[in-house]
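J.: The residues making up each chain are set out below.
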Amino acid sequence: MPSVELKYSNPFGNGSRPYLTMHATGINGTSGHIVGLLDSGADTTALPLGYANLMGYTADQLQRIEVGTAKGVGYGWRATVPCVATVAGATPPTLTVSLLPTFVESATALWGRGDVMRMFALTIEDAKGTFTLTW
Amino acid sequence: MAVKEIQREQARSIPHIDLSSYAGQWVAIRGDKVVASDLDAVALRNRPEVEETDTLLPVPDASADLLLL
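The listed protein sequences correspond, in order, to chains A and B. The numbers in my numbering rise by one with no breaks, and the one at position 22 of the first sequence is 22. The numbers in my numbering rise by one with no breaks, and the one at position 20 of the second sequence is 20.
These aren't lab readings, by the way, just hints derived from the structure by calculation. This structure is a prediction, so every number in the text was calculated from the model and none was measured. Hints should not be assumed to be uniformly reliable.
Once the Cα atoms are required to be at most 20 Å apart in a straight line, the calculated EDC-like pairs of lysine to aspartate or glutamate come out as [stated by the list, open to error]:
(1) A:K7 - B:E9
(2) A:K71 - A:D43
(3) B:K33 - B:E52
(4) B:K33 - B:D18
(5) A:K7 - A:E125
(6) B:K4 - B:D18
(7) A:K7 - B:D18
(8) A:K7 - B:D32
(9) A:K7 - A:D126
(10) A:K71 - A:D126
(11) A:K71 - B:D61
(12) B:K4 - A:E105
(13) A:K7 - B:E49
(14) B:K33 - B:E9
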């Protein structure tokens, strides 16, 4: 099985973590890179709210849901129409997933266990500062 | 050589510049340079200096030593 080892990175100056860049295409056809954190504690992918507008979602394509976080219960807006995302550098359909992201008032994108992480097996070696995707 | 391409693109796409002065804003990044910033994602995308291939991302507050999400 192919695999790729990637290094932790520190894009925001607050610590090295397993950040992964995905190339996402919104329902309006616009596409771009999204830098997010691999979060096995996130049931599904959560994106900062601003991406909803960039990806072309309108209010009738979003469902308000309760979201549990370390800070308590808040609200998010879950997409009812899927977008598509590919691990940056991969050639679709390899490492490509259809997503129903939840948009939240956070500045950190989280790649979730129940969607993005179904594309690959994830091995985290925190002591080495690396993580490996195997698919 | 998909593996090499993934490693190369992942390394290229992660910002390697100090973004702390943009905390709370959206930035457009091209290479290792911030080409524009704005409080609103769509307003940023619509700025004339921003190109389609620029990476748009919000900059979190970097003051937290421990991230619990």
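J.: Determine for every hint whether it applies to the structure shown.
T.: Quick rundown of the hints versus the structure:
1. A:K7 - B:E9: At roughly 12 Å apart (the allowed maximum being 20 Å), B:E9 and A:K7 satisfy the hint.
2. A:K71 - A:D43: Holds, because 16 Å separates the two Cα atoms, which is no more than 20 Å.
3. B:K33 - B:E52: holds, 15 Å
4. B:K33 - B:D18: holds, 10 Å
5. A:K7 - A:E125: The hint holds at about 10 Å.
6. B:K4 - B:D18: violated, 26 Å
7. A:K7 - B:D18: Measuring from Cα to Cα gives roughly 19 Å; hence the hint holds.
8. A:K7 - B:D32: Satisfied, since the Cα-Cα distance of roughly 18 Å is no more than 20 Å.
9. A:K7 - A:D126: Between A:K7 and A:D126 the Cα gap is close to 10 Å, so the pair holds against 20 Å.
10. A:K71 - A:D126: violated, 24 Å
11. A:K71 - B:D61: Within the cut-off at roughly 16 Å; holds.
12. B:K4 - A:E105: violated, 35 Å
13. A:K7 - B:E49: violated, 31 Å
14. B:K33 - B:E9: This hinted pair holds, its Cα atoms lying about 16 Å apart.
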